[in-house]
Amino acid sequence: MSTPVTTPAPPPTRLIRNVLVKAALLFVAVNLLFAAVNPLPALGRLTLYNSVLPGRLRLPYGESPERSYNLSLYNLNALFGSHAVARPKAADEYRVLLVGDSSVWGYLLPAPQTLAAQLNAAGLVTADGRRLVAYNLGYPILSLTKDLLLLSRLAPYQPDLIVWLVTLESFPADKQLFPPLVQNNAAEVRALIARYQLNLDPHDPRLVDPSWWDRTLIGQRRALADLLRLQLYGFLWAGTGIDQDIPAQYTPRQEDFEPDASFHDLQPPHLTAEDVAFDVLAAGVEAAGPTPILLINEPMFVSAGQNSDIRYNFFYPRWAYDDYRVVLAHTAAARGWPYVDLWDAAANTEFTDSPIHLTPLGESQLAARVGPAILSLAEGAP
Amino acid sequence: MTLTHLLVFAALALVAGGLLPGRARAWLLLVVSVLALYWLQPLTALRYADFLLPTATLALTVLVWAVTQPVPAPPARGPAGAAVVAPPAPANTHQRDTLRTAAVLALLVLAVGLPRYLGPLCCLTPGRPPDLVWVLGAALLVAALALLLNRAPAGRRAWAVGVVLLLVIFLVLKIEPLAQGVSAGLRVAVGQSPGLALAADLRWLGYSYVAFRLIHVLRERALGRLPNVALREFVTYALFFPAFTAGPIDRVERFVKDARAPFKLDGAALLEGGSRITLGVLKKFVLADSLALIAFNAANAGQTHSPLWLWVLVYAYAWRLYLDFSGYTDIALGLGRLVGMRLPENFDRPYTRQNLTLFWNSWHITLAQWFRAYIFNPLTRALRARPLPPAVIILLTQMVVMVLIGLWHGVTWNFVIWGAWHGLGLFIHNRWADFTKPRAAALDGRPRLKLAGQWLGVFLTFHYVALGWVWFVLPTPALALQVLRTLVGLG
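These protein sequences, in sequence, are chains C and Z.
When we follow this note's numbering, the leftmost residue of the first sequence carries the number 7, and every step to the right adds one.
When we follow this note's numbering, the leftmost residue of the second sequence carries the number 1483, and every step to the right adds one.
Treat the hints as calculated values from the structure; they're not laboratory data.
Treat the numbers as computed from the prediction; the structure is a model and nothing was measured.
Each hint should be verified, as a subset may be incorrect.
What the hints assert, rightly or not - Some chain C residues near chain Z, calculated using beta-carbon distances under 7 angstroms:
#	residue
1	Pro18
2	Ile22
3	Asn24
4	Leu26
5	Phe241
6	Leu242
7	Ala244
8	Gly245
9	Thr246
From the three backbone atoms N, C-alpha and C, an ideal C-beta is built for every residue, glycine too.
In isolation and in its complexed conformation, chain C is listed as follows (with noise of 0.2 angstroms):
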């Protein structure tokens, strides 16, 4: 029978050094490893929503997150994952994306008020007996080169229909770069600048190019920390089916203007479709692939205060509005894209805060034209 031999503990410097010794070899290693590998779009993909949690109705977004069970973030994986868009299609659902601005989004306006809620409300039911379902995956910024990106990743979530929300506002060129969603994915806004000939420059010191050392795991710090924070709001999501912090006031539209006829740095009398970004809203539909595409110039305020026969409203001077009008049908017809101009579609006093910004009813308004307007597509799609 023999003995049993025991090690003894090693002394507690040497312990403290060993561990100490170890700790920073493996913390150079993992931080190797992170820069090398970039595990961030990987990591954006685990989630607990539309398992644990319920998908959110609309795209992570929010400045005040403590209040707003909600926070805005670049990871795009993640962004779609938490999204209740990522959860199976049904076999009897008529799956319907709409993408825009933050009209679409629904600034002010709780989850189950906006455009995609009050067209689900709709109980829309397509001709060969599908659920319409509509899903929220508009974005609070106007720039259309956003919305391509957005779109270009829409294709896994089996959409029969998208429903692309436009205004002149995200077309002027100095728009089109400046989301920090654009910015801090610069790879993927480059592949598309390359991929559909956009004129924009894929050298634009925005786009964030990431140094070796952002690369690294303290370097991603804060990326990671919104993915763990994304994960543990939901839970307040969940509870609450809060997601944006809307207060109680907010100072209306304007109503009442400086005689300025300018548009961003175009002057009348006349917009083309060189002037802004149509190159970019053609890519965005390329972008759609198969799936059929109905673009909608969306509703704006019409201004009846001080200089309102110069401007219809903060945004747009008279002239350049109409000629986008204009060009954009006219792009839409020669193309054979599904339009509707519904700039009109709702009452001037269900504006809040911006030129394009709806109330519920002013969202309901719209929603009673969008419905039939994909119900009429969705008749002549296979």
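Fit chain Z to the given chain C structure using the hints.
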């Protein structure tokens, strides 16, 4: 305490424990503790509060030391007027040390206050300190309290006066209208509009814990159990930087014993302290701060209507509170270990306890011990002298102690109810334990049933405590009641 604070404190602790000999270590601990008092104090809308409130903490500490130390006895005279050679009174051995400490404290106050004139070097406090007159006045006050009061004999009831003073300040801080009124008065004194006074202006960091230590000292003095403690040791004890903001509430004689013991930071102490700090950082800054995002609070309580998700939020709060508080304690104990101080444990796996009595023996242990020593035991003795049934005595003492613990968190109805909730729970457990004690032996031969009973005990205790947090967190009893109804499916 932020990670920056922690890194600085850890570095200073390593210097104090590893490089400095005993006396130099003691002085460094005093200096760091006093400076930390100012550094940690948050900024409030009341001008100079971030300088005046820490200075007041320091002055109160010195005041309590002065009235609790034995007065140096005058030299006894023989019949011919010749001085009798007698062993020096213990206090005399500290006279020079007291003088030095008073000077150091005054210099520290000046060092914190005067950088207001140094432009970019300003300041250790989050706001600019007051002008020279205020700073000099504060420094003189601290030194005078130490040097003059200590020479005057304290009255027999000085300890009681001290306790009342500390409690009055406590009540002012905890009762909103009083705090607002005092803030208004202070605003006038510093040239601000009294109309803008808020109770939050008097956010006096660490006061509760310092008050507990000072009351402990005053009471021990009254009972004749207080050892001789030098001013330097006493100030370090009351304001010890690792334990200043969140405890534990140490006993003075234990602290001083450690402070006087020779200490050199060796591998074992470094390992123990470092492990404890690491554990504390993980608990506080990783786990608790993450759970804080979804923890139950007054805002989300009213927004959540589903019992399932409400339970999730309540669980998150329960664990967040434990991890936050025990994480701070781990950091305090770890820092203490690096400088040779073995601070008492404050938490011992409280959520794994089988009943509420065991829970309170393992949750905020030093606070519970404080209340046991100074409220529960004297009250029990007093009630036993009356013809009351034991059950009534138990009910009264548990309720009084727990309601007082509730009031310590804030003088509002929800804290009273939270205290009563626990007092009642402790009483019920006491009665239940009495009832089941004779029957417990029957389970000895049935280990599975016994184990199931133990698990059930843990489950029930945790949920009783978790439901108690609803009273604790919410500002009004009506909202708490509404949430409790939702939690049990009646909302």
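Verification of the hints:
no.	hint	verdict
1	Pro18	holds, 3 angstroms
2	Ile22	holds, 6 angstroms
3	Asn24	violated, 11 angstroms
4	Leu26	violated, 9 angstroms
5	Phe241	holds, 5 angstroms
6	Leu242	holds, 6 angstroms
7	Ala244	holds, 5 angstroms
8	Gly245	holds, 3 angstroms
9	Thr246	holds, 4 angstroms
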